[in-house]
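S.K.: If you want the building blocks of each chain, they are given just below.
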Amino acid sequence: MEAVVTNFGMQAAAAEIFLLTAICVILLVDVFLDDSKRWVTYGLTMLTLAGCAFVTVNYAVDGRVIAFDGMFIADPMGDVLKLFTYGTVAVSLLYSREYLQRNGLFRGEFFILALVAMLGVMVMVSAGSLLTVYLGVELLSLSLYAMVAFDRDSGVAAESAMKYFVLGAIASGALLYGFSILYGVAGTLQLDELAVAVREVGAGNLGLIFGLAFVIVGIAFKFGAVPFHMWVPDVYHGAPTPVTMFIGSAPKIASFILAIRVLAEGLDAMVASWQNMLIAISIASMIIGNVVAIAQTNLKRMLAYSTISHVGFILLGILAGTNDGYRASMFYTLTYVIMAVGSFGMILLLSRKGFEGDQLEDFKGLARKSPWFAAVMMMLMFSTAGVPPFVGFWAKIAVLGAVVNVGLSWLAAVAVLLSVVGAFYYLRVIKLMYFDEPTDTYNIEAGGTLRAVLSANGVAVLALGIFPSVLLDLCARVLP
Amino acid sequence: MSTITWPILSVLMWLPIAGGVAMILLGDKGIAAGRWIALITTAVTFGISTLLWTNFDTTTAAMQFVEERTWIPLFNSYYALGVDGFAMPLIVLTAFITPLVVIAGWSVIDKRPAQYYAAFLILEGLMIGVFASLDALLFYVLWEAMLIPMFIIIGIWGGPRRVYATIKFFLYTFLGSVLMLVSLIYMYLQTCDAGQCSYAIADFQRLPLGLNEQLFIFVAFLAAFAVKVPMWPVHTWLPDAHVEAPTGGSVILAAIMLKMGGYGFLRFSLPITPDASDTLDWLVISLSLIGVVYIGFVALVQQDMKKLIAYSSIAHMGFVTLGSFLTFELMRVNSGDTTGAAMGIDGAMVQMISHGLISGAMFFCVGVLYDRVHSREISSYGGVVNTMPIFAAFMVLFGMANSGLPATSGFVGEFLVILASFRADFWYAFLAGLTLILGAAYTLWLVKRVVFGPVANHHVAELTDVNGREFLVLGVLALAVLGLGLWPAPLLDVMRPTVENLVQQITVSKL
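The listed protein sequences derive, respectively, from chains A and B.
According to numbering that gives the first Met the number 0, the first sequence is numbered sequentially starting from 0.
According to numbering that gives the first Met the number 0, the second sequence is numbered sequentially starting from 0.
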């Protein structure tokens with residue numbers, strides 16, 4: 000990739016700087032608010048997201064701009080991913096408001112943590128050096144650990160936060176260890192220089208491969224790919240649903256960009272090595288994710304395993320090692336995020352005081368109680384299963400195309416066969432909603448905002464499925 | 000060329016879908032009006048589809064009524080519709096059957112009726128789209144999307160084991176088709192290598208492919224289409240789905256959805272992988288013959304009327320695959336005998352249309368009985384002729400047609416295929432011919448046990464004969480079955496150039 004190297008500085012990182020300032024302001028303002036005025040924090044958070052979007056659009060770049068002496072990259076792909084991240088965070092906060100209020104979690108710290116996590120994602124998106132990558136990873140991870148434990152009275156949440164933290168720390172360690180070995184061999188932390196240095200040293204260098212293995216461990220952990228997936232079901236299950244939604248959405252964009260920046264940009268010469276590693280991880284993720292999901296009775300756990308299997312698909316695009324593949328992966332990640340926030344939004348829709356709505360049983364007879372939201376969930380489930388005409392299908396076809404294109408047709412065949420296994424548990428949700436009778440008489444109590452956003456989310460899944468070009472072309476433009 | 004300048008195929012495809020969406024929005028409260036909306040939409044769709052037939056140019060094998068719009072530029076995929084002699088009759092059949100399904104469910108469906116009609120209307124639009132697609136990606140999207148309404152139809156309005164049946168149906172067909180997707184992607188990438196990326200089916204047909212590639216693609220297609228047809232041994236979803244589905248669902252399944260498998264063979268397998276088809280034709284032929292004979296015996300022992308008809312469908316669809324794949328054997332035996340080859344394909348097509356009418360009619364007959372007695376067991380009936388003479392007449396007629404009696408449409412297709420198989424190999428013809436005996440045996444025995452004899456029990460004694468609505472449905476189908484049986488020439492004329500073109504295509508090796 001040709002790069003325009005400038006020391007353009009501040010402007011390139013305008014959105015990050017704005018966000019950081021806003022976080023400080025919100026933090027201060029929040030101190031002076033009592034609980035009845037907490038909506039101010041919420042409002043300011045939303046305004047901040049809008050402001051970030053404005054700044055990012057305003058300072059959008061045409062090509063690749065390298066700033067802060069190579070530490071920071073601004074490129075069109077990054078801009079799109081950041082905008083998408085703001086949207087995702089905004090949507091998940093809109094979904095979460097009622098739940099947070101009901102469960103006494105509607106506190107300023109929640110929004111601050113969410114924004115800091117988002118800052119972490121943005122730093123990773125724009126990382127130009129291994130050090131910046133690591134900074135972003137930690138910024139994101141530490142905020143997430145705290146968010147999982149946010150409901151301090153919940154034993155399950157505390158347990159899963161501990162699990163997440165311990166395993167996450169090990170993975171961060173592995174990542175950092177890998178980076179240090181790469182630095183030792185290549186003599187640079189900057190990704191574009193690393194790419195050159197790897198070519199000079201030779202991609203077969205044992206030290207580099209050794210370092211690469213640790214980097215892959217770190218990336219696989221952040222993605223939640225098998226065999227580093229153990230935290231995913233527990234954290235998804237144990238965290239409060241809004242936090243699960245948060246973890247299941249924006250950080251996936253971060254994991255994607257982590258893989259792209261480090262593997263595709265920094266270590267592109269070693270594609271042969273990481274391709275094989277990723278093939279194994281990807282197949283294992285698709286198998287474990289799809290098969291184990293069948294045995295779940297809790298929707299959050301089921302979606303956790305479903306995430307694992309989708310990560311397998313996202314990795315398929317990356318492991319192709321072509322621009323085609325990266326683009327497909329990006330498209331897959333974005334559509335996955337749209338579907339994931341929607342699915343968790345459905346759980347929040349069903350939840351009411353003292354009732355989580357996260358058991359599969361809770362969806363029984365939903366088509367009777369609320370035909371429209373049953374239809375929304377059906378669209379989300381078919382889309383996640385990769386059935387046309389919903390957008391999830393195009394994500395599948397894009398990564399499959401990339402994989403077939405590099406001569407791995409057998410891998411594509413394995414992937415589609417496993418997606419058939421996966422289809423079963425999505426169908427089961429539809430079965431519960433449509434073919435079973437309701438077991439209770441509660442109606443949906445959720446408010447207007449949640450309903451409106453969720454409806455829009457469902458319609459988006461169908462509309463993008465019929466006109467996939469809207470999003471596909473966007474990905475193609477930023478990753479030519 | 001056709002004189003129609005407006006996008007007739009898009010209208011055919013989207014009109015029912017729009018009607019279906021309207022039904023959903025209207026909801027169950029406005030169902031009195033909703034039923035009429037459903038009926039009018041499907042009737043108008045059928046009316047428009049007849050324009051397709053009357054304006055069809057029978058002198059060319061080229062696609063007609065073509066529409067083309069860019070859909071996904073990145074994949075070079077088009078929203079491209081068009082019909083030839085294979086697709087057009089199947090579209091007309093689809094448009095013909097659906098209004099009958101709407102009429103048949105008129106006063107019978109009282110559970111969530113708006114969604115019931117909506118599902119059928121949307122399904123109709125998708126099915127028409129499948130037959131009309133000229134773009135493989137569009138075809139695949141519609142082919143899979145079609146599963147969704149059918150999944151819902153069986154799952155909500157089906158019998159006691161409906162959940163098992165519908166999930167089995169969905170997963171079976173989904174499993175079959177995903178491999179097809181991989182091979183479509185593969186071919187798309189081959190066209191890219193050749194210079195012009197394209198998902199157009201016509202480009203796939205022209206694409207040069209080596210024998211190994213062809214074999215893989217052929218097997219992937221076989222997985223998709225054999226499940227759909229269905230061929231022995233991947234037929235097991237069909238009896239379950241048929242038995243559990245509501246009458247309308249069974250009718251659509253048997254009359255139209257099964258045809259998509261046959262259509263797929265003619266549109267994809269034969270022209271895209273002629274050499275692999277030539278190499279593996281023995282496989283398809285033997286599976287078809289096993290289907291015809293073995294499934295015929297299985298049908299004989301069924302206790303459940305719907306199951307019996309379901310098995311008879313499998314046996315009859317065996318003729319479609321047999322007729323399609325005899326082509327290669329015929330070429331080998333008679334070195335370039337295109338007449339025989341064309342006869343086999345003609346037979347396959349006629350069999351598809353005729354089976355669509357007859358099996359649909361048979362399921363309607365079972366539905367009429369089921370609505371009254373709520374039992375599908377053959378042993379629950381007997382002597383129906385005494386209380387329902389008009390119905391009995393229809394049932395006997397369709398039974399005769401199902402067993403391939405001359406002057407009914409069932410005869411024409413089977414006769415053509417058997418004739419073609421005689422040219423290839425006596426034993427093919429012998430085994431295929433067994434169906435005339437088996438088909439007669441299981442169908443007529445069914446008719447005998449249900450319709451004739453003394454009144455079996457008080458349920459039968461209390462039966463009332465068909466009402467006007469049912470008479471209309473069965474009468475229209477009876478006319479169609481007799482019409483096609485007595486005078487199949489118009490159908491054969493419509494298909495002739497397309498069949499000749501296909502035979503031409505598959506005789507030229509791609510190697």
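No lab work stands behind these hints: they were computed from the structure.
Fair warning: there could be bad hints in the mix.
Pairs of lysine-lysine, BS3-like flavour, derived with a Cα cap of 30 Å [stated by the list, open to error]: (1) A:K363 <-> B:K447; (2) B:K28 <-> A:K430; (3) B:K306 <-> B:K167; (4) B:K28 <-> A:K368; (5) B:K509 <-> B:K306; (6) B:K110 <-> A:K363; (7) B:K447 <-> B:K306; (8) A:K430 <-> B:K447; (9) A:K368 <-> B:K306; (10) B:K167 <-> A:K363; (11) B:K447 <-> A:K368; (12) B:K167 <-> A:K430; (13) A:K430 <-> B:K110.
Simulated restraints on C-beta separations [said to hold, decoys possible]: (14) B:R160 <-> A:P437: 15 to 25 Å; (15) A:L19 <-> B:C191: 51 to 61 Å; (16) A:L416 <-> B:C191: 44 to 54 Å; (17) A:P226 <-> B:E376: 27 to 37 Å; (18) B:C191 <-> A:A462: 22 to 32 Å; (19) B:V475 <-> A:I293: 20 to 30 Å; (20) B:L38 <-> A:P437: 25 to 35 Å.
Just so you know, even glycine gets a beta-carbon here, dropped at the ideal spot from N, CA and C.
S.K.: With reference to the structure, classify each hint as holding or not holding.
M.R.: Going through the hints against the structure:
1. Taking the CA atoms of A:K363 and B:K447, the gap is about 44 Å. The hint is violated against a cut of 30 Å.
2. Between the alpha carbons of B:K28 and A:K430 the distance comes to roughly 24 Å, so the proposed pair stays at or under 30 Å and holds.
3. Of the supplied pair hints, the one linking B:K306 and B:K167 holds, its CA atoms being roughly 16 Å apart against a limit of 30 Å.
4. Distance check on the hinted pair: B:K28 and A:K368 sit about 15 Å apart at the alpha-carbon level, within 30 Å; holds.
5. For the given pair, B:K509 sits about 42 Å from B:K306 by alpha-carbon distance, which is inconsistent with the 30 Å threshold.
6. Taken as a hint, the B:K110 and A:K363 pair is honoured in the structure, with Cα atoms around 17 Å apart against an allowance of 30 Å.
7. With a CA separation close to 17 Å, the supplied pair B:K447 and B:K306 stays within the 30 Å bound.
8. For the suggested pair A:K430 and B:K447, the alpha carbons sit about 39 Å apart, so the restraint of at most 30 Å is broken.
9. A threshold of 30 Å between alpha carbons decides the hint, and for A:K368 with B:K306 the separation of about 35 Å lies outside it, so the pair is violated.
10. Taken as a hint, the B:K167 and A:K363 pair is honoured in the structure, with Cα atoms around 20 Å apart against an allowance of 30 Å.
11. The hinted pair formed by B:K447 and A:K368 fails the criterion: a straight-line CA distance of about 47 Å is larger than 30 Å.
12. A hinted pair counts as satisfied when its Cα atoms are at most 30 Å apart, and B:K167 with A:K430 qualifies at roughly 12 Å.
13. For the hint linking A:K430 to B:K110, the alpha-carbon distance of about 16 Å falls within 30 Å, and the restraint holds.
14. B:R160 and A:P437 have their C-beta atoms about 21 Å apart, which keeps the hinted 15 to 25 Å range intact.
15. In this structure the hint that A:L19 and B:C191 lie 51 to 61 Å apart at CB is violated, the actual value being about 45 Å.
16. Judged by the Cβ atoms, the range 44 to 54 Å given for A:L416 and B:C191 is violated: they are separated by roughly 25 Å.
17. For A:P226 and B:E376, the Cβ-Cβ distance of about 53 Å falls outside the hinted range of 27 to 37 Å, so the restraint is violated.
18. The given range of 22 to 32 Å is respected by B:C191 and A:A462, whose C-beta atoms sit roughly 28 Å from each other.
19. For the pair B:V475 and A:I293, the beta carbons lie near 46 Å from each other, so the given range of 20 to 30 Å is not met.
20. For the pair B:L38 and A:P437, the beta carbons lie near 31 Å from each other, so the given range of 25 to 35 Å is met.
The earlier numbered hints that this structure contradicts are 1, 5, 8, 9, 11, 15, 16, 17 and 19.
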